[in-house]
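Colleague: Spelled out, the chains give:
There are 2 protein chains.
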Amino acid sequence: MKCVIIANGDLEYSEDIAGIIRQARLIVCADGGARHLKALNILPHVIIGDFDSASPEDLLFFEEKKIKTISYPSRKNETDSELCISWALLNHATDITILGGTGTRLDHTLANIYLLKKLAGLNIPARVLNKHNIIHIVSGRIELKGRPGEVVSVLPITEKASGITLRGLEYPLVNATMEMGSSLGISNVFKETTASVSVRKGLLMVIQATD
Amino acid sequence: MKCVIIANGDLEYSEDIAGIIRQARLIVCADGGARHLKALNILPHVIIGDFDSASPEDLLFFEEKKIKTISYPSRKNETDSELCISWALLNHATDITILGGTGTRLDHTLANIYLLKKLAGLNIPARVLNKHNIIHIVSGRIELKGRPGEVVSVLPITEKASGITLRGLEYPLVNATMEMGSSLGISNVFKETTASVSVRKGLLMVIQATD
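Taken in sequence, the protein lines are chains A and B.
This note's numbering applies: residue 185 is where the first sequence begins, and numbers increase by one.
This note's numbering applies: residue 185 is where the second sequence begins, and numbers increase by one.
Source of the hints: derived by calculation from the structure; they are not laboratory data.
Since we're looking at a predicted model, the values are computed, not measured.
Each hint can be trusted.
Note that identical chains are pooled: a pair holds if it fits in a single copy or bridges any two copies.
Okay, derived cross-link-like pairs now, SDA-like style, lysine to any residue, Cα gap no bigger than 25 Å in a straight line:
1. Lys302 / Glu343
2. Lys315 / Ser237
3. Lys222 / Asp395
4. Lys260 / Ser237
5. Lys260 / Arg331
6. Lys385 / Asn261
7. Lys385 / Asp279
Using the sequences plus the hints, can you model the full thing?
Modeller: Next up, the structure:
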């Protein structure tokens, strides 16, 4: 079951983004992410958080539409996004896209990206998506769709990642090893419209990026 | 010797930023970062890269001022920022600040942040700095300066980080363990004007963030 999580970072209001949200069977809103859904006139299935960032007007708007809210104390160990992922998993999500997960606050951006690690371990396809980037964490293999010339960067996010094979890209690799901090995998490009990245040991961050 | 590296991402042209650059004994420019220095009317000691992103006008401007350039082929394993760090280390930098290292391209942003790992291993204080964030990678101990209430987030970037002690923050920790993907350390805050973060095993990303 496809799920989108709308967090409180930046979100571009385009037809593409609205389409991704509307096509999801589960729409989960993290606290202040409510402002994005109100602007797009889309109702979520649930709003989850400590409610320190959603405006009273936005909350009232969704309350009047009988949208379910789940409230947590602000002194908690999880971010609102993490609570949304737990809820999504309990409610049988099998594919998760995080929108509004990036922005000026790099601590939140990175925390949202690292949340993908848990999902990779559960074999649940997931990504953080914004106007310029689609970010994946890969622990096995991933197939990517893109346009020839589009950038794909591959970064090891464990001390070492080995058995790395890249296919369908301008700079292919077979059974290679990369260490954290190496820039070897930055700015590779699609040769055709599909590509794949696989890794035997360790974790990779795979980013499809446009300027 | 204090060094700043000016990369080709976003950079806010403020008096603070110009001050940080002018106070550095070594000013190293990565390729298209030249546009920032030209706008600020500051001359670097060297411009390094494959010169696929600096404009011919900007390069001519610095050429006329006799600024040294070091050119690399575009098919290389290192990013321009990584080449700048290598040059800075060869030229005895003992403290490195990366400016213009963040922006819409999250692959470049993350690659620049992960470059700090090598510097942490060499015990060289270093950070990626932009208008909203100061990002450190910590392998031992770091002392931070801030204002009471200012946000400090601590993320493990190895599978596990242990012996984590946080002092001077609203939510202190003593000898704690965090796993990659945990949000436990997100959005802590300064209690006074100094704080410290230390870790015995593993690596932490420490981000001072403002909205």
